[in-house]
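Student: Residues per chain are reported as follows:
2 protein chains.
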Amino acid sequence: MRLKINKEISLPVFLQIKDSIKEQILSGILPAGFVLPPERKMASENDVSRTTVIRAYDELKALGLVASYRGKGTVVTDKKEPSHSENPNVFPLSWYPLFEKKLGNVSDTITDLMDVGSRRDTISFAAGVGDPSLYPIHQLQAIQNEDTFNNDVLNLSAVEGYYPLRESLSKLMELRGVSTSAKEVMVLSGSMQGIDFAARTFLSPGDAVIVEEPTFLQAIQCFRAAGARIIGIPLDHGGIRTDVLEAQLGRYKPKFIYTIPTYHNPTGIVMSMERRMELLRIAYKYQVPILEDDPYGEISFGRQKLPPLKTLDQYGYVIYLSTFSKVLFPGMRVGWVVAPEPVRKKFVLLKQITDLHVNTPGQFLLDRFLREGHYEPHLRHELTTYENKRNLMAAALKQEEGLVTFDSPDGGFYLWCRIPYNIPQKQLLSLCASKGVLYTPGNVFYPQESDGEHLLRLNFTYESRERIEKGISVFMDAVKKLSRHNTKMNPIIESRPIV
Amino acid sequence: MRLKINKEISLPVFLQIKDSIKEQILSGILPAGFVLPPERKMASENDVSRTTVIRAYDELKALGLVASYRGKGTVVTDKKEPSHSENPNVFPLSWYPLFEKKLGNVSDTITDLMDVGSRRDTISFAAGVGDPSLYPIHQLQAIQNEDTFNNDVLNLSAVEGYYPLRESLSKLMELRGVSTSAKEVMVLSGSMQGIDFAARTFLSPGDAVIVEEPTFLQAIQCFRAAGARIIGIPLDHGGIRTDVLEAQLGRYKPKFIYTIPTYHNPTGIVMSMERRMELLRIAYKYQVPILEDDPYGEISFGRQKLPPLKTLDQYGYVIYLSTFSKVLFPGMRVGWVVAPEPVRKKFVLLKQITDLHVNTPGQFLLDRFLREGHYEPHLRHELTTYENKRNLMAAALKQEEGLVTFDSPDGGFYLWCRIPYNIPQKQLLSLCASKGVLYTPGNVFYPQESDGEHLLRLNFTYESRERIEKGISVFMDAVKKLSRHNTKMNPIIESRPIV
Numbered sequence: 000m001r002l003k004i005n006k007e008i009s010l011p012v013f014l015q016i017k018d019s020i021k022e023q024i025l026s027g028i029l030p031a032g033f034v035l036p037p038e039r040k041m042a043s044e045n046d047v048s049r050t051t052v053i054r055a056y057d058e059l060k061a062l063g064l065v066a067s068y069r070g071k072g073t074v075v076t077d078k079k080e081p082s083h084s085e086n087p088n089v090f091p092l093s094w095y096p097l098f099e100k101k102l103g104n105v106s107d108t109i110t111d112l113m114d115v116g117s118r119r120d121t122i123s124f125a126a127g128v129g130d131p132s133l134y135p136i137h138q139l140q141a142i143q144n145e146d147t148f149n150n151d152v153l154n155l156s157a158v159e160g161y162y163p164l165r166e167s168l169s170k171l172m173e174l175r176g177v178s179t180s181a182k183e184v185m186v187l188s189g190s191m192q193g194i195d196f197a198a199r200t201f202l203s204p205g206d207a208v209i210v211e212e213p214t215f216l217q218a219i220q221c222f223r224a225a226g227a228r229i230i231g232i233p234l235d236h237g238g239i240r241t242d243v244l245e246a247q248l249g250r251y252k253p254k255f256i257y258t259i260p261t262y263h264n265p266t267g268i269v270m271s272m273e274r275r276m277e278l279l280r281i282a283y284k285y286q287v288p289i290l291e292d293d294p295y296g297e298i299s300f301g302r303q304k305l306p307p308l309k310t311l312d313q314y315g316y317v318i319y320l321s322t323f324s325k326v327l328f329p330g331m332r333v334g335w336v337v338a339p340e341p342v343r344k345k346f347v348l349l350k351q352i353t354d355l356h357v358n359t360p361g362q363f364l365l366d367r368f369l370r371e372g373h374y375e376p377h378l379r380h381e382l383t384t385y386e387n388k389r390n391l392m393a394a395a396l397k398q399e400e401g402l403v404t405f406d407s408p409d410g411g412f413y414l415w416c417r418i419p420y421n422i423p424q425k426q427l428l429s430l431c432a433s434k435g436v437l438y439t440p441g442n443v444f445y446p447q448e449s450d451g452e453h454l455l456r457l458n459f460t461y462e463s464r465e466r467i468e469k470g471i472s473v474f475m476d477a478v479k480k481l482s483r484h485n486t487k488m489n490p491i492i493e494s495r496p497i498v
Numbered sequence: 000m001r002l003k004i005n006k007e008i009s010l011p012v013f014l015q016i017k018d019s020i021k022e023q024i025l026s027g028i029l030p031a032g033f034v035l036p037p038e039r040k041m042a043s044e045n046d047v048s049r050t051t052v053i054r055a056y057d058e059l060k061a062l063g064l065v066a067s068y069r070g071k072g073t074v075v076t077d078k079k080e081p082s083h084s085e086n087p088n089v090f091p092l093s094w095y096p097l098f099e100k101k102l103g104n105v106s107d108t109i110t111d112l113m114d115v116g117s118r119r120d121t122i123s124f125a126a127g128v129g130d131p132s133l134y135p136i137h138q139l140q141a142i143q144n145e146d147t148f149n150n151d152v153l154n155l156s157a158v159e160g161y162y163p164l165r166e167s168l169s170k171l172m173e174l175r176g177v178s179t180s181a182k183e184v185m186v187l188s189g190s191m192q193g194i195d196f197a198a199r200t201f202l203s204p205g206d207a208v209i210v211e212e213p214t215f216l217q218a219i220q221c222f223r224a225a226g227a228r229i230i231g232i233p234l235d236h237g238g239i240r241t242d243v244l245e246a247q248l249g250r251y252k253p254k255f256i257y258t259i260p261t262y263h264n265p266t267g268i269v270m271s272m273e274r275r276m277e278l279l280r281i282a283y284k285y286q287v288p289i290l291e292d293d294p295y296g297e298i299s300f301g302r303q304k305l306p307p308l309k310t311l312d313q314y315g316y317v318i319y320l321s322t323f324s325k326v327l328f329p330g331m332r333v334g335w336v337v338a339p340e341p342v343r344k345k346f347v348l349l350k351q352i353t354d355l356h357v358n359t360p361g362q363f364l365l366d367r368f369l370r371e372g373h374y375e376p377h378l379r380h381e382l383t384t385y386e387n388k389r390n391l392m393a394a395a396l397k398q399e400e401g402l403v404t405f406d407s408p409d410g411g412f413y414l415w416c417r418i419p420y421n422i423p424q425k426q427l428l429s430l431c432a433s434k435g436v437l438y439t440p441g442n443v444f445y446p447q448e449s450d451g452e453h454l455l456r457l458n459f460t461y462e463s464r465e466r467i468e469k470g471i472s473v474f475m476d477a478v479k480k481l482s483r484h485n486t487k488m489n490p491i492i493e494s495r496p497i498v
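Taken in order, these protein sequences are the chains called A and B.
The numbering of the first sequence is numbering that gives the first Met the number 0, which starts it at 0 and goes up by one.
The numbering of the second sequence is numbering that gives the first Met the number 0, which starts it at 0 and goes up by one.
With the rest of the complex left out, here is chain A (with noise of 0.2 Å):
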């Protein structure tokens, strides 16, 4: 722990190191249970004493702000306790010592990045969701008014999901191209669950996971969370570099390989055909399965559409993925997984000994809307729209030429933007969320957060086109005021190959 001691002023450096640490209590940056590092540790990592550390600690101990226990060291106590406690030998837990250490691999940004659509007046390109005005509401409420409630529909449902719906989702299969059948669909809390219990149930700490760099933000946290090595394969404008990846297969034994093949979160680039083949030949030779996560396959303004990794597998080495959350609304927590036998019995198993099935009643109700035909009218109208709202920040980002350079996707939700290298993204970030316009930085999406540093992901399907025109404004102003303000900053050049 490194404090901030300056040795020439008057104030004794004990008591410098005393009121470091009582800010940060107080502050709630040092939270009741945590551990100080020991008085040796701390002396030699400031240059002072061990003596002057004493000093400070015991200063901190005499306002009752850390205590002492044998064996544990000094902590910090909970001050909402009253200061002298009822019974002198009980202490406040420690709660930092107890927790599972690889969960300490999870970065908060996550937990910043969600409070983003909470906010009313700011305008947001930083969550991943469509456009809420879009949401068949008087559908659902129809389907709701019929009666829904039954006892079967509030009781306990089958672990794999609800039958129907699991029909329904074969048939939405179908279409997609999968031919399957409904005991071969697993219903869970969102697709991001199946992300959670594939790591559950291929990695141990230590072990190696293939993703595209850069990639879904939560899927790199789920794998830190296993504790698994993070293994990025860069893209090209043809999906994963499969050269890249046979090399690297070679050196580590992945237990699978995470890919969005098709309008890849977040840069939206759609693997080619040949690309596809080249994956599962390299997937075959090596004998490592593919998580094929697929949430905005179907949001495609294009004419053509390419099959998923799962039409394609011969040899059953793909586990596919897929959600509601993004063709229809995220807050019913339904996704599915299609996977091989002896994996779906695994996902059954973890299911089981965490939510034990999804929501019996969002099952229903899905179902319902599946089967009396809302869903593929819906996406149509949605395409229309979002193609539209596609355009106009496009437009609106190329009004001023080559100082936000982008590939317009045909399809997906993102625009994936490179700025000027002479912004630095913390900058444009802070300056954008004094204006009120959120963004997501692109270093989230890479393994390393070093990566991404002039790269930022827009969303264009959330904000309505009044507010995506006053947002890129906004945002296109910071652009251009910070580039000037930089100017005379050397470009940095970046070895890495980006998207």
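Please keep in mind that the hints were generated in silico from the structure rather than gathered at the bench.
Heads up, some of the hints might be wrong.
Claimed, not checked - Straight-line C-alpha distance at most 35 Å; calculated DSBU-like pairs for lysine-lysine: (1) B:K425 x A:K344; (2) A:K344 x B:K60; (3) A:K284 x B:K397; (4) B:K100 x A:K101; (5) A:K182 x B:K21; (6) A:K344 x B:K100; (7) A:K252 x A:K344; (8) B:K469 x B:K397; (9) A:K182 x A:K252; (10) A:K21 x A:K170; (11) B:K101 x A:K252; (12) A:K101 x A:K170.
Claimed, not checked - Pulled a few chain B residues facing chain A out of the computed Cβ check, cut under 7 Å: (13) Q138; (14) Q140; (15) S188; (16) C221; (17) Y283; (18) Y314; (19) Y316; (20) D354; (21) L355.
Unchecked claim - Chain A is faced by these chain B residues, among others (derived, beta-carbon under 8 Å): (22) A66; (23) R69; (24) L97; (25) F98; (26) E99; (27) F148; (28) G189; (29) M191; (30) Q217; (31) V326; (32) F328; (33) P341; (34) V342; (35) T353; (36) P360.
Cβ atoms here follow ideal geometry from the backbone N, Cα and C, with glycine treated the same way.
With chain A fixed as given, assemble chain B onto it according to the hints.
Tutor: Using the frame of chain A, we list chain B on its own:
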């Protein structure tokens, strides 16, 4: 792998081995991807020569049922694939060697038990659910008919839960004697998710965790999946044996103590006030957190209620879990946790990488149900019905004096029964099942499933009065029949203190 081999009969041993394995493959016991034991191991385990095993494996290969791969051994093939692969270099994937080892600790018992509720004709005393005929369908339908769907309800909501529901839950907690704010309550996808999150927050493989013995079977499975050492502490009429607990705490350094203090599952025991204070004293002394699971606390037919441990805990050691599944209905999958801030933060992180948040429409509906004042009247009505059912089942079991013994609990969902020592559980279970009656055998509630042989759990809430009478009559007939039949067996003296 031990096979049935009879060296006395004329069929050559290698063909017996081939047939035995073939049968297991075709019946699905050995699934595609299963790796057969190496020849040498298979030979020694069945006391035959290695050549015999090689001949048997060759026969299976000729049938296309197994295939050998370098470095993988002999693997069961996927019979759905064409036996002559188009590409002779591509092999079906061997999934089993790829799976994470810890999950293998989870037994399949729960899969079978979950199945139980799904058959209409059988009378089930096995499930842990309330009476579906009491579900508050009319009130829920009334709430739904009021145009419940809007953009907010279908959109992503906060990871910690829908804020109005958290407010309603904090009021509900006040009625239970736990003073808390909405911010300290986090909504979960069932209280079981809280058990899983606690396991993921605290347990590394090899860590010890304390449970009551017997205890909730999914908790056992969940701690097994985390690779934990599960230390069972016996119960008596006053709850967990704190004297035994304290002795064990010296030996093990458990990460937490999991307890169901009120109307314990499966025994129905209520931890006494003295024992509650003693348990807290021990937790403070050894600085071990307590995970308090309280699904049944409100299902109380008695006059006097004891406060949750969370109420008595003055030092923030208790993580409190509860659920709507028992008092209302289980299909919505909504539970909650009240926990100290450092723990809640970890749970929020886990929620973000698993299912993001609890389905918003369900949270919305439950909040309205609570705010409109339906909860208390519903609970009171339920308690009258369940007390009657308990009386009915208890009386029916007592008709044959002393054959099946139990302590009648004044709350909860279950009677925990002892059957005569000369009745093997498996015989009784299958005799009852053949007559269309299901119950839960005692062993699944013990960390070592060899325990609980003469104990079983009967749920008295789920079935109707008529079916309880009919089912218990079938059950008692089966007990009587097996008891007479096995009368010459010596009683087995068990040394373990039971309930």
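Student: Does each hint fit the structure? Answer for all of them.
Tutor: Now the hints, each set against the structure:
no.	hint	in the structure
1	B:K425 x A:K344	25 Å, holds
2	A:K344 x B:K60	26 Å, holds
3	A:K284 x B:K397	66 Å, violated
4	B:K100 x A:K101	17 Å, holds
5	A:K182 x B:K21	25 Å, holds
6	A:K344 x B:K100	15 Å, holds
7	A:K252 x A:K344	24 Å, holds
8	B:K469 x B:K397	15 Å, holds
9	A:K182 x A:K252	31 Å, holds
10	A:K21 x A:K170	62 Å, violated
11	B:K101 x A:K252	20 Å, holds
12	A:K101 x A:K170	40 Å, violated
13	Q138	10 Å, violated
14	Q140	5 Å, holds
15	S188	4 Å, holds
16	C221	4 Å, holds
17	Y283	5 Å, holds
18	Y314	6 Å, holds
19	Y316	5 Å, holds
20	D354	4 Å, holds
21	L355	6 Å, holds
22	A66	12 Å, violated
23	R69	11 Å, violated
24	L97	6 Å, holds
25	F98	6 Å, holds
26	E99	5 Å, holds
27	F148	5 Å, holds
28	G189	5 Å, holds
29	M191	6 Å, holds
30	Q217	6 Å, holds
31	V326	13 Å, violated
32	F328	4 Å, holds
33	P341	4 Å, holds
34	V342	6 Å, holds
35	T353	5 Å, holds
36	P360	6 Å, holds
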